[in-house]
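In numbering that gives the first Met the number 0, the protein residues as written are 0 to 169.
Simulated from the structure, these hints should not be mistaken for laboratory data. Hints should not be assumed to be uniformly reliable.
[Stated by the list, open to error] Pairwise CB distance ranges, derived in the manner of DEER restraints:
hint, residue 1, residue 2, range
1, K168, R146, 21 to 29 Å
2, R110, D58, 33 to 41 Å
3, K141, E105, 33 to 41 Å
4, T6, R108, 25 to 33 Å
5, G52, D112, 20 to 28 Å
6, E77, C106, 28 to 36 Å
7, K40, P78, 15 to 23 Å
8, K168, R108, 32 to 40 Å
Just so it is clear, the structure is predicted and the values come from calculations on it, not from any experiment. Idealized CB from N, CA, C, for every residue including glycine.
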Amino acid sequence: MLSELGTEPFEIESRITLRNEGFTDTVNEWDATYTYANGMKLVFRDQKKLPTGCRFIGDKGWIRVDRQWENHPGLVAEPESLLEIKLRADDLHLYKSQHHAGNFLECVRSRNDPVSDVDATHKASYLGMLTDVAGRLGQKLKWDPKREEFIGHDEANRLLRPQKHNGWKL
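Generate the whole structure from the sequences, applying the supplied hints.
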């Protein structure tokens, strides 16, 4: 199941607009596409371009997964009949979590893995950073997730570790 997502190299193309107010130059809007060797694409866009959540597109339609709250179903599909499919006992079942912080505390007590473990969260967190770098350079880049660096692009790799100002160090 999407095993390539955090383990296989991919190409990234990104268009961004920057927020240029005061001292900030952070990304305001983005539209990025990550393309894997097997043809799988991950499209990452801001909320102005796509609703929140994650949409999985298959040969029989699509399902969008998001948090569930008042007047928001959490799952939306086209066709809607996809929501009626029952998982078999041998299908992969993901457990449900309504609140990441609460789930984390529950897992501290139970010693179970949280729904969003540290490795998955780390990989998800760099999607925004990679979108930023590719957008600032305006170039298609290739990412190596094992080495956590852009392949053959020194300038892009320098942008991963921006210069600290006023003597700040980590």
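Verification of the supplied hints:
{"no.": "1", "hint": "K168 x R146: 21 to 29 Å", "verdict": "24 Å, holds"}
{"no.": "2", "hint": "R110 x D58: 33 to 41 Å", "verdict": "40 Å, holds"}
{"no.": "3", "hint": "K141 x E105: 33 to 41 Å", "verdict": "39 Å, holds"}
{"no.": "4", "hint": "T6 x R108: 25 to 33 Å", "verdict": "31 Å, holds"}
{"no.": "5", "hint": "G52 x D112: 20 to 28 Å", "verdict": "22 Å, holds"}
{"no.": "6", "hint": "E77 x C106: 28 to 36 Å", "verdict": "34 Å, holds"}
{"no.": "7", "hint": "K40 x P78: 15 to 23 Å", "verdict": "22 Å, holds"}
{"no.": "8", "hint": "K168 x R108: 32 to 40 Å", "verdict": "37 Å, holds"}
Every hint, counting from the list given before, is met by this structure.
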